[in-house]
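Trainee: Listed below, chain by chain, are the residues.
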Amino acid sequence: MPQSPDIPPGTLHMLILKTLQAGPLHGYAIAQRIHLISEDVLQVEEGSLYPALQRILVKGWAAAEWTQSETGRRVRVYKITPAGRKQLGAEISEFDRVMKAVYKVIETA
Amino acid sequence: MMGEIWRRLGFLFHRSRFEQDLEEEMCFHAEMAGRARFGNFTLLGEDSRSQWGFGALERLAHDLRFAIRMLRKSPAFTAVAVLSLTLGIGANTAIFSVINAVILRSLAVRNPEQLVALNHSDFRNTPSRSFPYPFYRELRDHNDIFSGILCQTGFDSSLSVKGDAQRVTGEMVSANYFTVLGLQPYAGRLFRPDDETSAGANRVVVLSYNFWRRRFGGDGSIIGRVVDLNTTPMTVIGVAPPEFDSLRTGFNPDVRVPITMQPQMYLSDSMLDNREDWWLYVVARLKPGVTRQRAEATLTARLRRYRKQSNNGQPISEFRRRMFESTRVNLLLAGTGLATQAERGAKQLWILMAVVAIVLLSGCLNIANLLLARTAARRREFAVRLSLGAPRRRLIRQLLTESILLAFAGGACGIAFAIAGARLLTMFLTAGQNGVSIDVTPGARVLAFTLVLSLLTGILFGVAPAFQGTQVELTPELKGEQLRFPGTRIPWRKALVSVQVALSVLLLIGAGLFLRSLIRLRTMDLGFDQKNVLQATVGPTLIGYGQQQVLTFYRELGDRVARIPGVLSVSFSSIGLVSDSDWGSGITVQGYQPKEDDVGPDRNIVGPGYFSTLHIPIIEGRDFTERDHARSPHVAIVNEIFARFYFGNQNPIGKLIGPGGKGQVLDFAIVGVAKDGKYANLREEPQRFWYIPYEQYAETQDLHDLTLYARTTGDPMKETGAIRRVVRSLDPKVPVYNVKTLEEQIDQDLASDRMVATLSSFFSLLTALIAAIGLYGVMTFSMTQRTREIGIRMALGAQRSSVVNSVMREVTMLIALGIAVGVPCALGLGRFVKSILFEIKPTDQFVFITAIVLAVVVTLTAGYLPARRAASIDPTLALRYE
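First to last, the sequence lines map onto chains A and B.
The first sequence runs 1 to 109 under the numbering used here.
The second sequence runs 1001 to 1882 under the numbering used here.
In case anyone wonders, no lab produced these hints; they're calculated from the structure.
Okay, derived cross-link-like pairs now, SDA-like style, lysine to any residue, Cα gap no bigger than 25 Å in a straight line: (1) A/Lys59 <-> B/Ala1056; (2) A/Lys79 <-> B/Leu1012; (3) B/Lys1308 <-> B/Lys1595; (4) A/Lys79 <-> A/His35; (5) A/Lys59 <-> B/Trp1006; (6) A/Lys18 <-> A/Pro82; (7) A/Lys59 <-> B/Ser1016; (8) A/Lys79 <-> B/Leu1009; (9) A/Lys18 <-> B/Met1032; (10) A/Lys79 <-> B/Gly1010; (11) A/Lys79 <-> B/Ser1016; (12) A/Lys79 <-> B/Ser1050; (13) A/Lys79 <-> B/Leu1044; (14) A/Lys86 <-> A/Ser48; (15) A/Lys79 <-> B/Asp1021; (16) A/Lys59 <-> B/Gly1010; (17) A/Lys18 <-> B/Ala1033.
Just chain A, with the same shape it has in the complex (with noise of 0.2 Å):
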């Protein structure tokens, strides 16, 4: 299995948003989600999933509860606060601002 890529630094924060943008996820689902959507380029590690999860809590970005999942298994779901959706879009465009720029940088170059 060929080794998966880094997520590029910055970016965890913007993709976890993003995701839960569609719908209030637990941890496990988030990953599978960046995961799929990307086809399976991006992998999302527990190790970073985790501390950025926390980190997402303590801004106010996103809430988090308990509740029961499809298969009755008690599961902490995330969502998406008011604050964390301003949060995304700042994020999204400072990211295409950036990858514009380095676009340009190596069609030029």
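Based on the hints, put chain B in the right spot on chain A.
Mentor: Using the frame of chain A, we list chain B on its own:
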């Protein structure tokens, strides 16, 4: 932002729930991912938790908890360290809080930094802060440099309410005094401009808050009532604010009256219109934007003009012209108060500050030494922690936290110690002065000082052990095959010991100088015999006796006191001996033309038998007697210097002299020559002095309170009651004050010398002891290190004595090094203490040799003990050691 802090706090208080949540969540994740567990759960948990933490703060709390645990594990070490720090930091805080109160603290007035005190000087270079009232008035009414200008001076008087008389300290002030200072009354009102109109017209008094509480129990109805000050009825109009004592450090007047009441308060002629009476302190508030330089230039010009005008168009002599032209006014910052007697100890306080700083430094070195040994013993612990991945700086931080914690513990105890110490110090400083007290309650500045000092102390003694101790070679340490202590560390510690020896030599020399100077002061010939003499000032003038009544009163008092069985003889004088006051006088001498720049002799007026009572030898002629009264021929007694100065080799008996000034009448005939002695204080230069009988003086001038001197057969204090009873039997209203033995009076003059000598002796011995302990500790430690080596040497046939010798050689080296550093330091610092030494050079050989011998004996003893122990090592045991 606030939300985030709240969430973090929430985490802090529900920590266990958060952890459970996290764990459950991750177990679930692992299950879903089809693994039993994932990776390093502990690390992950820690990473997740750290998102919530307060970072540095939390680590600090952790370090502190650990530090407390470590210190509790070795209570003996902790107790010794905290105790030494309590003494060290406490002594520093105590002296600093007195310095703060006496020198640094700003007055509780509006914008104290704008206040300046006027000071003038001329080519004779005698700076003075006193000015005449007319000059003050001129300045007050016309100037563009000050936004306000006030004047003040102190006085003593009696205050009586319905015949109940009491002595009070007072201050005469210009009516704008409180306004310029920006003070509001505590009760009633303060002075208004119309309280300063003309001499004797403004009969109002403002009480100080403390006096109002003390004398009138804080009774508000006193306002509007009339009290008698020096028999002049005055209306109480208000109470001054409690937070303000006065402009003069340590001076707490009980009452304030308008400056125009001077004739009544001094019981003398008015000085208000006299252009040549220099008697008022002038303090002003600079206008914003006016520099001191500009104000000084303006004032200098004004004062020169004033002095020329005062000459009244008379021809100006060369001397006076030079005096006028060299007149200068300087402005001194007055925001922290004007100097008074409380400040005579300022220099002494700074010296003591330096002494206790050195004690603390030496104590710190000892604790650093102890810590070095301690960290050495903890090397294994550090090795384990380092190998588990703790960064070295984390260990250093941990160790520094421990030492700073120790320092803070010492600082906290030190403050308690300092409060008591500071009170004691101010007792030394204000000994025997009326109306003087210093508030040394530690304020914010003192607490900040202690805090910073503790922090610095902690870092000072902690930094070397922290860096040295954490330099650990992991592998050997963990395998238990310690190199034990790499060679670098011991020399380091030995250097510290040499520094300690140097510091203690320095302090011992200092203490020796102060002590020797004090002994000189105590044992010198004063020209009179201070043993078995009681003094008491008796004040019938304060309660309104007329001149004749006063004379009768003193004559009767003298007779009755002389009849007390324990009293041998009695006399009186106007200026008390060694009371730090003098009475400069002009002088007219038959056939002598005085020089203009001659300040003239000092004088005193005394009663019959003054010289025999005080055992002042009469060299030629006779003492004053009962027969030298008002109607008999006027007589005077002069001292030897006086006689030599004016008459050379001629016989002074029978020569005519008189007080200088106006008439220049030669109306006193010299009948005796008394031995030279000390008059105002013990440090004064020998000077010309003359005496006349007070009864003859009283013919032309008002008499002030006289001080009674009684020579007793036994302990003078035993006669106090009898003397007070005599005064009461004559008139119970007459105040008696200043009652003490003449020896006590002299001791008070020496109070600050005694303070420096006592405290510096104590602290220097303490420092020597600290150095001895340090040396003992290091040598013992290094002997344990060398057990094996010594064992081998002894096994190979070394004699005990040679072992002892080799150790003592090292000890001697350390001590010699310390002395070699300490002595030059003492020589260099000598000039800073020169001014407070009496008749002794700061390079006094006797003191230097004694101090060095003392330091050597103490430290050699400390070094000999471990040496002897090393020599008694059993070679077989020593070789098996380790």
